[in-house]
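S.K.: The residues making up each chain are set out below.
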Amino acid sequence: MGNQPLLQLKNLRTSFRIQDDYFAAVDDVSLTVNENEVVAIVGESGCGKSALALSIMGLHQEGRTKLEGNVNFNGRNLLSLSTGEMNKVRGKDIGMIFQDPLTALNPLMTCGKQIEESMTYHTSFTGGEKKERALELLKSVGIPNPGRTYKQYPHELSGGMRQRVVIAVAIACNPSIVIADEPTTALDVTIQAQIMDLLKELQKKNETGIILITHDLGVVAEMADRVAVMYAGEIVELADVHTLFENPLHPYTRSLLNSIPSTTDEKERLHVIQGVVPSLKNLPRKGCRFKNRIEWMDDHEHEENPVLREVEPDHFVRCTCYKNFHFPEEK
Amino acid sequence: MLKFILRRILIMIPQLIILSVLIFALAKAMPGDALTGQLASSPKMDAQTLHELKQKLGMLDPPYVQYFRWLKGLLHGDMGMSIIHQTPVTQLLAGRMENTILLSAAVLILSYLIAIPLGIVSGRWTDSWADKMVVGYNYITFATPLFIFALLMLFIFGFVLGWFPTSGSVDIRVENGTFSYFMSKVNHLILPAFSGAIISTTVTIQYLRTEIIDTKIKDFVKTARAKGVSESNVYTRHILRNSFLPIAAFLGYDIVSLIGGSVFLESIYGYPGIGQLFITSIAQRDFSVVTALVMISGLATLVGTLLSDIILSAVDPRIRIE
Ligand SMILES: Nc1ncnc2c1ncn2[C@@H]1O[C@H](COP(=O)(O)OP(=O)(O)OP(=O)(O)O)[C@@H](O)[C@H]1O
Ligand code: SF4
Ligand SMILES: [Mg+2]
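Protein sequence lines correspond, in order, to chains A and B. For the first sequence, position 102 (counting from the first letter as 1) is numbered 102 according to the numbering used here, and the numbering increases by one without interruption. For the second sequence, position 167 (counting from the first letter as 1) is numbered 167 according to the numbering used here, and the numbering increases by one without interruption.
Among the clues, some could well be false.
As the list claims (entries may be wrong) - Simulated DEER-style distance windows between Cβ atoms:
1. Asp-188/A - Ile-101/B: 38 to 44 Å
2. Pro-14/B - Gln-19/A: 55 to 61 Å
3. Lys-185/B - Asp-20/A: 53 to 59 Å
4. Asp-214/B - Ser-279/A: 50 to 56 Å
The hints are simulated quantities; they were obtained by calculation from the structure and are not laboratory data. For each residue, glycine too, the CB sits at the ideal point set by N, CA and C.
If we strip away everything but chain B, and leave its shape as in the complex, we get (with noise of 0.2 Å):
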């Protein structure tokens, strides 16, 4: 197990290489720079300038000159400079990346508690008015899209009952450390996780009852009552860890495309996340930030596909992971 995470750690650095030459060339592919934008708005900035600006700054080397720059900054841990921001990558990542990670586990934590009762519900009780109200209710977030949902949940409880604060993720008035700073933050994150958890409750809910569906008719089931075991028995010890498999594969995926997905919802409710910075930055061509996040990204892939196989490797003895 130890060796297995070791050497799929130890494949990860090539992965990593080679995602960092194409998000490099990428992003110098990408029309415009950070600088050019400024020439026209900025009356102190005449083509001169901007030579020797660009040159100070490095960006005028050959292309692996600066790649191997870049590199060299990544390993020490120094993504490099904010253009626009004038800081640190780093530091500027630091704080929304807390934002970011508290928004995603919340979505998490919150799409499970909601979709895992009401698919052992719809599964267990197939055909019931339950089930029939859990698969209406499937339907329509499954036809929803996150970013009009979320507008709508924003414009309701946000803006029309007033009951949620519409932008940031914490009162700038409440210090730090408080127990109302923490009370500030809570329900800041509410509106947006509960967007986006409801938004992808569809899957887990589909997996789930499709699933029990499918394991309530196995014959190891049929044993399990042979032998008397209580129906909630058949239930929980059987059919329901059987039926969880699917679901605890993706968990490791789902970490990753939540991030990702973390886009829409920060850009909508104007939460600083890493989201709402990437579309940012695109716009404003801060290419420092934008390949230090896609960078992150591709890492925290990679780290979400071996969780999510040890994970699996965990929940079920038939898969062995040497």
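The following block holds chain A by itself, in its conformation from the complex (with noise of 0.2 Å):
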């Protein structure tokens, strides 16, 4: 278990064009993860989670997306790829795991297909050993009848099963690093503590590096080492995971902990930020992002555009005035 870095991000930015304007989902976000390491990202819906996994596996759409900044992978800067190159390291290196079972999969394609696909690309397997590790693979992710699925459609699997293959795409050459894009969002409560086990499982076996994003802070306390609080596409808390339990700082960070359905004091609930993410049009581009959303601050105990600064070792936020904030109860 290294600490090597596997996986720098730095300065990334991802603007979408919107009519003739390009606006920034991703802003500035620097971050690393290290060999063996699970990262969390949690942030609200629309925060710009999602368009930071598809930067990195290049999976925008081209001429409607502009990237700047470095992914920085194996000591290559990913954006600068041809799409060839970055096809060699797409599924070999890198696997993804997508957010909805229902539609990630091929409908005309069996699973073992699916799920051989890649290694097509990235080994010099024979047919016969292609399926070999397809079944090996099937059976690692729990399904319970390999040689069956294995010749199975999509649409005969539940939803639950459907994930595991899905995943079982993502593990096929054994990346080093695998990207979650909230993997269970869309599944039953019961099959998404299952999921996260079996995630959990493999990257222990595999020490894969994990990039997991979701809602759940519930998730994250159980899987995550690192976590990166992300808020209007950019990071505004990062921190170990106990620190950030601990010792949050951010305004944003202390009222998603707040929000957590498992607090039971109902004081404590109250301290939740109303309003959400602002749409990429409408994002103030000036100043905190996060102002409009916390009127009860004073302006004078502001600063003007906060930048991500490390205020303990490896805990850092992006907000100057983090000591002046209260949630009005609190005052």
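Take each chain as given, in its own frame, and dock them per the hints.
M.R.: Printed below as a string of structure tokens:
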């Protein structure tokens, strides 16, 4: 278990073309994922988590998306690779698990063939070897009857089973890093826990680095080593999981933690910031992006343009005046 | 699967019986008959002989007797006599059926040969200049009625340029079975087939284009790319296979509607097929021919629907027919 950096994002900015202008959905994100480390990315809907994941994979629509900054992996900047070169990385070094298992698999291909497909591109396996590996993978993701599922089409499986197949597809070539974009949101609560356990188990066994995108802070507490909290395209707080839960500093993080349903304390539950993430076009690009959601902060207590600052070792916060911040009831 | 097909064929029987009753009733309800039309033109025909002739041909029997006689004949493969042509209907249809099937097949194949590449190009490279040209082409073919287009083609390539024959299905001077007979058939086929094909590309192109545009942003396409599948295989193995589904589903119907649609083509190009025969037979009140043709096209529609279902279940694993 090394602390070798595996994937390094440096000032990554992803902008989408809307009409004739580009708007950044991921803005100046710097983040490192080390070997065998689980980094969680949390944040509300629309804050740019999927956009970030697709940027790393190079899966955004060309011509409508502008990517700036660096995604360093194995000594190369993935953003500078051609599609052909990127195809050698995708599926082999980086695997991706998508949110919705109902739509993530090709309805016209058997599960077995879909798992084997990446081996066709990244290994020199013969047909027999591919099948053997596919069956082994199906078994390792907890499919009860691999031989049968190998021949089945996605529609013949339940959502949970399909997500297991999606996971098998992602890890088929033993990638050193897996990006899981809300892998359980589309599933039943009971199945969610099973899938998370499976991911955790596979991560331990294969020593993969994982970028885990989720809304679910319970999952974060259970799985993650480090956590990046995103708001409106920016990382607003970054810390290891214990620090984040023990000593959250950014008002947004504190609000998120207070919104965990398991919090029984009524008073605590009130400390949730109302409102939603503004749309890309309406995002305030100057000053603190969070400002208009905490109206009870006095203007003079603010500094403009907070940067992500290390407030204690390995704990970064993008808020210059968090010390002055209190929920209304705390005053 | 076999059980399903068998059951569908069994269901066809009552459908065909109902169809036969309807057709027979409609044919009888049509004003006039083949013989009366000849009364005025033929001096040998007076009211007395006409009546005797009708009696002899059974045209004065009660309708249900006539119906069952007709039905019994049908079951024995006997579709009656054409009063106008004075030949059995089956014999009359044989050669024409072959021509129509030949023409329809040519239209279908040509139409797909043109439409599929155009649809793929315009769906894959949306908003490119190639796509814009295909969309423009589609507007034109959509707005142009078949009979006008066919007349125009006939006029330009048949009469003005004289590149192709302007009527018939084969040169009568060549001997059946020789190579030049075959070439003459092809030569007579080109113009009507192209006219029909070009006008019928519209739907296929439109479907394919929309379908590709919808499919290429689907999640499973992202999954395929995330596996490192090469761009060309993302299209062939994932996007196109899914985009072809509705077209495959329509294939069965297409075959049938083309046989019906050949009415215009055959009339304009003087191509001796069943479409042309149908039009002339209606005009001449040649009931046995009309009823036989409607019956055949009814059967073809049922078979086409079944064919479509079978094709769809063969290409789409989500559709299981039991
Ligand atoms: N292709 C695109 N073109 C234009 N805008 C986009 C595109 N993809 C995403 N966006 C916008 O970028 C912002 C971030 O979207 P993203 O999908 O990354 O959010 P998310 O954090 O993954 O949310 P969720 O939790 O709902 O999945 C949103 O405002 C979204 O509307
Ligand atoms: S900088 Fe000010 S407005 Fe922004 S999050 Fe911190 S306290 Fe809130
Ligand atoms: Mg998302």
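S.K.: State the violated hints by number, sorted upward, taking the hints as numbered earlier in the document.
M.R.: 1, 4
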